[in-house]
Each structure stands twice: as structure tokens, then as C-alpha cells.
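*Asks:* Sequence:
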Amino acid sequence: MVTCYLKYVVDPAKIADFEEYAKMWIPLVNRFGGQHNGYFLPSEGASNIALALFTFPSLAAYETYRNESFQDTQCQAAIKFAEDTGCIISYERSFFRPVFE
Numbered sequence: 001m002v003t004c005y006l007k008y009v010v011d012p013a014k015i016a017d018f019e020e021y022a023k024m025w026i027p028l029v030n031r032f033g034g035q036h037n038g039y040f041l042p043s044e045g046a047s048n049i050a051l052a053l054f055t056f057p058s059l060a061a062y063e064t065y066r067n068e069s070f071q072d073t074q075c076q077a078a079i080k081f082a083e084d085t086g087c088i089i090s091y092e093r094s095f096f097r098p099v100f101e
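Residue 65 in my numbering sits at position 65 of the sequence shown, and the numbers go up by one each step.
Pairs of lysine to aspartate or glutamate residues, derived as EDC-like cross-links and limited to a Cα-Cα distance of at most 20 Å, are as follows:
hint, residue 1, residue 2
1, Lys23, Asp84
2, Lys23, Glu83
3, Lys7, Glu63
4, Lys23, Asp11
5, Lys14, Glu44
6, Lys14, Glu83
7, Lys7, Glu44
8, Lys7, Glu92
9, Lys7, Glu83
10, Lys80, Asp11
11, Lys14, Asp84
12, Lys80, Glu20
13, Lys7, Glu20
14, Lys7, Asp17
15, Lys7, Glu19
16, Lys80, Asp17
17, Lys80, Glu92
18, Lys80, Glu68
19, Lys23, Asp72
20, Lys14, Glu92
21, Lys80, Glu19
Everything labelled a hint here was simulated from the structure, so no lab data went into it.
Make a model of the complete structure from these sequences and hints.
*Replies:* This is the structure in C-alpha cells:
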């Protein structure tokens, strides 16, 4: 199991646009075999940082999702929405594995 952690730098004036973008991706990740753990928007503290977490059974399953998502029209529409609105300034991606009892 691998969890993808995305840290976004967003335009604080375009949080509503970023939220709309986030809502596009949740069902897409789930449709491609992942489990979306949610987007987290600024509340207190930094007004320009947002997070997302989603899990795939393996890094290989994540890579399959990434490759297939580039060919998917709904994924392409979500990416275009972010580009057109300019709601995302930058992002970084990291991967983690969980530890359970």
C-alpha cells in the first residue's frame, strides 16, 4: 500500500476554483482503483497551502493510474480547468507507506 501526499501552493484568491478542481479528482482517483482520502483546504495558518492524500494498493498500481489518467478525457478536463483558472501555483508529490499495529 502506498499513499500519495500532494502539497499544493494555491492562489488564495482562487480557493473556490481549487475546491472545484479537487471535487473533480476525488471520483477519478477512486474510478482508477485508488482510495481518495480527501483534499484539505486552508483554514487557519497559511492561506495558500492545500493538501491531498490518496492511496493505491502499490506503487505499480499508482503508476498505472498515472499513465491511464493522461489518456482519460475527464482527467484531461480537470487538468485544463486548473490551468485555465490558475488556481494552482505549484505542487510537490511524495509517497508514504502506512504503519499499523
